[in-house]
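Trainee: Read top to bottom, the protein sequences are chains X and P. If you're matching positions, the first sequence starts at 1 in the working numbering and goes up one per residue. If you're matching positions, the second sequence starts at 1001 in the working numbering and goes up one per residue.
Just so you know, these hints were derived from the structure itself, not from any lab. Hints may be right or wrong, so weigh each one.
With a straight-line cut-off of 25 Å between C-alpha atoms, the simulated BS3-like cross-links for lysine-lysine are [unchecked claim]:
id	chain 1	residue 1	chain 2	residue 2
1	X	144	P	1469
2	X	328	X	183
3	X	183	P	1469
Label-pair restraints from in silico Cβ distances [to be verified]:
id	chain 1	residue 1	chain 2	residue 2	range
4	P	1413	X	148	37 to 47 Å
5	X	128	P	1195	52 to 62 Å
6	X	386	P	1280	54 to 64 Å
7	X	284	P	1195	51 to 61 Å
8	P	1034	X	386	52 to 62 Å
9	P	1359	X	284	36 to 46 Å
10	P	1278	X	278	24 to 34 Å
11	X	467	P	1161	29 to 39 Å
12	X	126	P	1195	56 to 66 Å
13	P	1583	X	148	49 to 59 Å
14	X	421	P	1386	23 to 33 Å
15	P	1130	X	385	15 to 25 Å
16	X	385	P	1538	22 to 32 Å
17	X	148	P	1308	32 to 42 Å
Simulated coverage check for chain X against chain P, where a stretch passes if three residues somewhere in it have a Cβ under 8 Å from a Cβ of chain P [unchecked claim]:
id	stretch
18	62-75
19	141-149
20	194-201
21	397-411
In this text, all values refer to a predicted model and were calculated from it rather than measured experimentally. All C-beta atoms, glycine included, are put in the ideal place defined by N, C-alpha and C.
There are 2 protein chains.
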Amino acid sequence: MSSTPSQLVQAWLDSFSAAIDGGDFAAAAAGFGDDSYWRDLISFAWNIKTAEGPAAIHSMLEATMPGAKPSHWKLQGEGSEAGGVTEGWFTFETATGRGRGQLRIIGGKVWTLLTTLQELKGFEEARGETRPRGVEHGPHAGRKSWAEARAEEERTLGFDKQPYVLIIGGGQGGIALGARLKKLNVPAIIIEKNERPGDSWRNRYKSLCLHDPVWYDHLPYLPFPDNWPVFAPKDKIGDWLEMYTKVMELNYWASTVCKQARWNDQAGEWEVTVEHKGESVVLRPKQLVFATGMSAVPSMPSYAGQEAFSGEQMHSSRFSTADAYRGKRALVVGSNNSAHDICAAMWESGVDVTMVQRSSTHVARSDSLMDLALGSLYSEQALKNGVTTDTADLIFASLPYKALPALQVPVYQQMAERDKDFYVRLEKAGFLLDMGEDGSGLFVKYLRRGSGYYIDVGASELVANGSVKLKTGAIERVTEDGLLMADGSHLKADMIVWATGYGSMNGWVAQMIDQDTADRVGKCWGLGSGTKKDPGPWEGELRNMWKPTQVQNLWMHGGNLHQSRHYSLCLALQLKARMEGIPTPVYALAPVHHMA
Amino acid sequence: MSSTPSQLVQAWLDSFSAAIDGGDFAAAAAGFGDDSYWRDLISFAWNIKTAEGPAAIHSMLEATMPGAKPSHWKLQGEGSEAGGVTEGWFTFETATGRGRGQLRIIGGKVWTLLTTLQELKGFEEARGETRPRGVEHGPHAGRKSWAEARAEEERTLGFDKQPYVLIIGGGQGGIALGARLKKLNVPAIIIEKNERPGDSWRNRYKSLCLHDPVWYDHLPYLPFPDNWPVFAPKDKIGDWLEMYTKVMELNYWASTVCKQARWNDQAGEWEVTVEHKGESVVLRPKQLVFATGMSAVPSMPSYAGQEAFSGEQMHSSRFSTADAYRGKRALVVGSNNSAHDICAAMWESGVDVTMVQRSSTHVARSDSLMDLALGSLYSEQALKNGVTTDTADLIFASLPYKALPALQVPVYQQMAERDKDFYVRLEKAGFLLDMGEDGSGLFVKYLRRGSGYYIDVGASELVANGSVKLKTGAIERVTEDGLLMADGSHLKADMIVWATGYGSMNGWVAQMIDQDTADRVGKCWGLGSGTKKDPGPWEGELRNMWKPTQVQNLWMHGGNLHQSRHYSLCLALQLKARMEGIPTPVYALAPVHHMA
């Protein structure tokens, strides 16, 4: 073929567009290869949905395109070609919105197509040239100042006026979503049990720093300054979230606890009883978002004898500092991120600490992860190459979950090679390592189960050199002064930290609404990969996250800073569309296969 | 000539560089035209200095170049040509630093040359690729967390450890400078009499919004998000400054008042007694910066009978709201920015208000000012044209003050034409207008005297249509119930606001140190243009601002948000160089011609 990559991409878009305009969805689907994916972030499906293969793509086209009435499929920038894959960015419109997409073509057929909704027509965010004036120039008798208007909003919203959206949970997820909604003029309240925005970070163990680098962590609208540390300490992130909440003018109810939520079918709204500043307040939002953290329902194992332990024991989420245990013995049960961080913090505080590893863990060194896995999208180098945060997010989103493991395997093979000596030393110390069941490494494990790995920022060295002691194997039971292992050995301890992970987010739904509703929502997170802690059937997208659930007007929002930034736009646009009465026919609402 | 603009600029730099390397300063000066300027921001002069004409340039070259040992004069980007003027950006090095410059060539000779110091070798700010890691990976027994280290700094600085710099005044100037110093690892404390950062804005009259647009107002490191309003309301700016202070980790002592400062010559340090949280604390910084605001020493006129007035009277700086005067009569003496804003606020509150105009005022409509005067450098359009804030600041800085009025006259002629009807209506209402003594308009007036204008955001309409009454002429004296004018008329009032401006910043030096020191510093601000309130002789730069003064280790910092951003780098680098013992021979320290 003698066409340029740009011509190739535009030609594909043109024929795709022509087929759709003509209602010939078979022809449109014929533009996709046998191994192909169309991932849509709410621009056509009003769902986060990946159609896998031409038949599924055909169905999704047929179901969504007539209503969406797309047009103006236009190459954005220049196409490119590498290794037989032609790539290009494009923009498009639907009847109700404007979108951006990316596609990859192999041998004239599409391998991956990503379509994402960027804004709703008539409800565009005011930014750049359309930013608010701030002052309304000219005389206005009885004018309210900004401070007066803002104070009035704070005073009345939730009392005289009801929010359209209530967000339960004021961590990074709730805050990022709150900022998006504010810019879309969707009245929202965020409730948070802690005293201040950022406390969900501040209250963790004192040595905690982000394990993801700064380029991956920006919030919407206000990126960190370029002197922000690569791995920000937890209190610094806490302060940032607090100021962000303030300058974004979010309606943030701190020290507020959700006592009970129930759907009032007649009124078509939620009735949510919250304890706010010591008073009971009933909020009546149309939409309820759980932004309670995908790692927030502590998962405690139940071993015989657990109540008999005479020392202090706690879930890792409650661990703050071990300074009081200097010279004493502690056991940390678990071998993932928190377990490692806590072991290192204990060793630094002079505690005699043993990690109890019950099953293998994937360890990736932070530097290697940055260089091999994230660097091309999220780094100074990526920025120099013109890969902005928004673009990086879309490239990330363009890789279908089904195809991801195979793409990740070589990355982790490279990592195994690069850090060979490191892994050998860890194994010599008895540490049980894996690279994921299929060798696909850290990020895929994160998507499948949100656990099972440690990003090494130093604790592995302590394990390798014996500073942090290691015991592998199953636990038989808890004793008065420690743990009895299945192999008959006994580990003495003054303190036990259970770094045993978290349950599914719908556990919060059970607590705040009821078990029935929680069951209807079903398990959150995970792809249905059929690997450990991620039972099939295959779902193709994260269960329940940022998309419609089986319970109307109830949404789940969570994940790391990257996901909070990126998917908050998806969720905010879905909420805004519903508030404005824009039709949002949901294609292929996911059925529930697992309760938790 | 057949060379490209880039070749022309590089050729000029090459021959300039060769002349300097050879010590032939006459040859170097010969590269400048008869009407030429070399403005240096501390890269060679360790002063903010404009040499005007080849002879002065020759002298400055001869005095500064042998010590500075410049090298690597290199075109940055591409040169350009328009209307016979060839322009180019360039970088260079000196023995101690790296700089950026801009030049304009007419007929082969330089018309304007700007040289600015950007960073000190060996003391570069950590940003981008060199940003801090945040966490120090790896085990560190007894490690301090970020929060612990930060708390220790706050606890000890000013007590166990002395700051190198004390900044008096925590408005935008002190905060911007504080952020620069923090990034340069210069221990500094900012003291501020108000309770919270941002209160210097919050405490003003409630309708106040910035009169400058957002693109002109960014602080260093952390630009406003792109949905920030064009003209931010005062409380919103207040909140921003507060969060900025927090996330930049500034050592900000709020509710702290400077009681007395004196130079201890033996110790080579200042002894500054401050009242901090109700206690007297003596601080011993090496350097003292007054960032007390270039408009902060209220200037009250003295009219006979002033104490006899039975109603409330106050300086405009103390005016907050007139809500209590609804239906009553108020006089606002003055006709500049504050007077107009206060009159409008009063009218909006239902007060019967009269503006008392004693002399003519320059009025520029906000939209026209943005379009005609600022737009090419500070606007969405400028950003689209690739003019970043940093670049805009340097272009702004590249225009010599001597040449500026002539360049500004056409802008204001255009404005007079564009807003002809508006000006006619104002004059019909009796308002006394001017465009500056030489027609050079608003910004030049700001530089010469910091006053004498109103940026119209609506109040002029009220004056034109009589909603705000107008009385022009001299005041004879104050009476028990109003003002007696020189023309014999009497204006009755329940309240008088004296919007009569501010005195020179060295008034603060008199208050906090002594009159002798204030006199040695001399008048601050103004160019020596020989126009009203800016007596000659010509100085060529703003008096005493951001550069060495006649009093060692004493500095003045102030101005609008643009100047606070841009010149804080100059001042911070001067302070850092002194702290590190880098030679900073000051060329042409300005003599003092006026005490106030």
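Trainee: Verify the CB-CB distance for residue 1583/P and residue 148/X against the hinted window 49 to 59 Å.
Mentor: holds (54 Å)
Trainee: Go ahead and decide if the range 15 to 25 Å is satisfied by the Cβ distance of residue 1130/P to residue 385/X.
Mentor: Holds - the Cβ-Cβ distance for residue 1130/P and residue 385/X, about 19 Å, lies within 15 to 25 Å.
Trainee: Is it true that the C-beta distance of residue 126/X to residue 1195/P lies inside 56 to 66 Å, as the hint says?
Mentor: violated (32 Å)
Trainee: So the hint says 24 to 34 Å: do the beta-carbon atoms of residue 1278/P and residue 278/X match that?
Mentor: Distance hint for residue 1278/P, residue 278/X holds at roughly 31 Å.
Trainee: CB of residue 386/X to CB of residue 1280/P, is that within 54 to 64 Å?
Mentor: holds (56 Å)
Trainee: For the pair we were handed, residue 183/X and residue 1469/P, check the Cα-Cα distance against 25 Å.
Mentor: Since the Cα atoms of residue 183/X and residue 1469/P sit roughly 40 Å apart, the hinted pair is violated (cutoff 25 Å).
Trainee: Is the distance from the Cβ of residue 148/X to the Cβ of residue 1308/P consistent with 32 to 42 Å?
Mentor: holds (36 Å)
Trainee: Using the C-beta atoms of residue 421/X and residue 1386/P, is the stated range 23 to 33 Å upheld?
Mentor: Violated - the Cβ-Cβ distance for residue 421/X and residue 1386/P, about 48 Å, lies outside 23 to 33 Å.
Trainee: Return holds or violated for the Cβ distance of residue 128/X and residue 1195/P against the range 52 to 62 Å.
Mentor: violated (35 Å)
Trainee: Between the stretch 397-411 of chain X and chain P, are there enough contacts, at least three residues with CB-CB distance under 8 Å, for the coverage claim to hold?
Mentor: This one is violated; 0 residues, fewer than the three required, reach chain P with a Cβ under 8 Å.
Trainee: Is the straight-line distance between the alpha-carbon of residue 144/X and that of residue 1469/P 25 Å or less?
Mentor: Roughly 23 Å separates the two Cα atoms, so the pair holds.
Trainee: Taking beta carbons only, do three or more residues of the stretch 62-75 of chain X come closer than 8 Å to chain P?
Mentor: That given contact is violated, which follows from only 0 residues of the stretch 62-75 of chain X lying within Cβ reach (below 8 Å) of chain P.
Taken one by one, the earlier hints fail for this structure at numbers 2, 3, 5, 7, 8, 9, 12, 14, 16, 18, 20, 21, listed in ascending order.
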